[in-house]
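K.L.:
Could you build the full structure based on these sequences and the hints that come with them?
Counting in full-length UniProt numbering, the sequence shown runs from 1 upward without gaps.
Just so you know, the hints here were simulated from the structure itself, not pulled from any lab data.
Don't take every hint at face value.
[What the hints assert, rightly or not] Restricting the straight-line Cα-Cα distance to at most 30 Å, the calculated cross-link-like pairs of lysine-lysine (BS3-like) are:
1. Lys44 - Lys223
2. Lys32 - Lys238
3. Lys87 - Lys44
4. Lys153 - Lys32
5. Lys44 - Lys113
6. Lys87 - Lys154
7. Lys238 - Lys113
8. Lys48 - Lys113
9. Lys32 - Lys295
10. Lys288 - Lys87
11. Lys48 - Lys193
12. Lys63 - Lys239
13. Lys154 - Lys63
14. Lys83 - Lys43
15. Lys94 - Lys154
16. Lys288 - Lys238
17. Lys239 - Lys193
18. Lys238 - Lys223
19. Lys32 - Lys44
20. Lys295 - Lys238
21. Lys295 - Lys154
22. Lys32 - Lys83
23. Lys63 - Lys48
24. Lys295 - Lys63
25. Lys83 - Lys154
[Stated by the list, open to error] Distance windows between CB atoms, simulated:
26. Arg121 - Glu180: 17 to 25 Å
27. Leu114 - Pro241: 23 to 31 Å
28. Asp186 - Asp95: 27 to 35 Å
29. Gly242 - Arg179: 16 to 24 Å
The beta carbon of each residue, even a glycine, is placed where N, CA and C say it ideally should be.
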Amino acid sequence: MISRKNPESLNKMASSTSEIWRSSTGTGTATKRALLIGVTYKKKYMLKGTVNDVKSMRELLIKNFGFKEENIKVLTEQGTTRKIILKSMEWLVKDCQAGDSLVFYFSGHGIRKLDFEGDERDGFDENICPVDFLTEGMISDNEINSLIVWPLKKDVTLHAIVDACHSGTVLDLEHVYNREQRIWEDNSPPSGKARKHTDGGLAISISACQDHEIAVDTSAFTKTMNGALTYLLVYIVKKYPGLTYGDLLDLIHEELSEFNEGGCLAAKFLRKIFKNQLLQNPQISSSKPFDVYRKHFLL
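P.N.:
See the structure below:
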């Protein structure tokens, strides 16, 4: 059993950082590689479920999608500084080649800020918060896009799963799926000047909520604290292997709706806090449109 006090033990691939970084690059063969980040923070910003989220995602990747332990890099606690996260994002996509499957996972705080560059349709930049965001700053959607979306070569697939507030378009991908109307909506930069596309590869993001919404860190679904998106995604994928992206999104929404309508004490308490419901609508965005009810969810 992995100790909560020693989450770095989740990195089971090598005895030193340099060995870890070499383990999954330059092999000349297709690779499954993942970067899993769970930021706990301190004092009033503390989140109690992020390390549990990382453990759940790591187990899912290994047991259900065939990822090797040595190709999964985990960042928790002191390892979630802005500098380390940015460097690790570069590692994730470095030397990517046709056939590679990459996963970027983040559990932590997300914040919206006014966009002053004119490349956001809603006028806001979405940001994720490293542990030192108060002193070193946040990581913006523009930075995330340039670091892990731009380098994706043809036939490389990146999945981003972001369990944070205001995370709907945090990868700045050019197409957002409207689940109610079952259409892809244009999210390309309104000016047409900013680059937001890949180098031929495919990027798909599953976000905890839409850009204007908050995401919940809760124990309502289980005895431990977890991000609502992470818990439901892992639970559903394990229960229904081989489902499509559309099925996955629908089932997550159904579970949230059942929770909102439920009569348990946890549901009543959280509904009271969030004005009678969990204002959280998970969302899919992509660098290219696809048929969400035909394409199967595979990492």
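K.L.:
Now tell me if each hint is right for this structure.
P.N.:
Okay, the hints, checked on the actual structure:
1. Lys44 - Lys223: Holds. Lys44 to Lys223 sits at ~22 Å (cutoff 30 Å).
2. Lys32 - Lys238: holds, 19 Å
3. Lys87 - Lys44: With Cα atoms ~27 Å apart, Lys87 and Lys44 stay inside 30 Å; holds.
4. Lys153 - Lys32: holds, 15 Å
5. Lys44 - Lys113: Judged against 30 Å, a Cα distance of about 20 Å means the pair holds.
6. Lys87 - Lys154: holds, 23 Å
7. Lys238 - Lys113: violated, 36 Å
8. Lys48 - Lys113: holds, 25 Å
9. Lys32 - Lys295: This hinted pair holds, its Cα atoms lying about 19 Å apart.
10. Lys288 - Lys87: holds, 26 Å
11. Lys48 - Lys193: Violated - the C-alpha atoms of Lys193 and Lys48 are around 41 Å apart, more than 30 Å.
12. Lys63 - Lys239: holds, 13 Å
13. Lys154 - Lys63: Answer holds: Lys154 to Lys63 is near 27 Å, not above 30 Å.
14. Lys83 - Lys43: Status holds; Cα separation ~22 Å.
15. Lys94 - Lys154: Roughly 14 Å between the alpha carbons, so the hint for Lys94 and Lys154 holds.
16. Lys288 - Lys238: Holds, because 26 Å separates the two Cα atoms, which is no more than 30 Å.
17. Lys239 - Lys193: Distance of about 43 Å is beyond 30 Å: violated.
18. Lys238 - Lys223: holds, 19 Å
19. Lys32 - Lys44: violated, 36 Å
20. Lys295 - Lys238: holds, 18 Å
21. Lys295 - Lys154: holds, 18 Å
22. Lys32 - Lys83: Holds, at about 24 Å.
23. Lys63 - Lys48: holds, 25 Å
24. Lys295 - Lys63: holds, 21 Å
25. Lys83 - Lys154: This hinted pair holds, its Cα atoms lying about 28 Å apart.
26. Arg121 - Glu180: 17 to 25 Å: Because 18 Å falls inside the window, the suggested range holds.
27. Leu114 - Pro241: 23 to 31 Å: Cβ of Leu114 to Cβ of Pro241: about 42 Å, so the range 23 to 31 Å is violated.
28. Asp186 - Asp95: 27 to 35 Å: holds, 32 Å
29. Gly242 - Arg179: 16 to 24 Å: holds, 20 Å
Against the hints set out earlier in the document, violations occur for numbers 7, 11, 17, 19 and 27.
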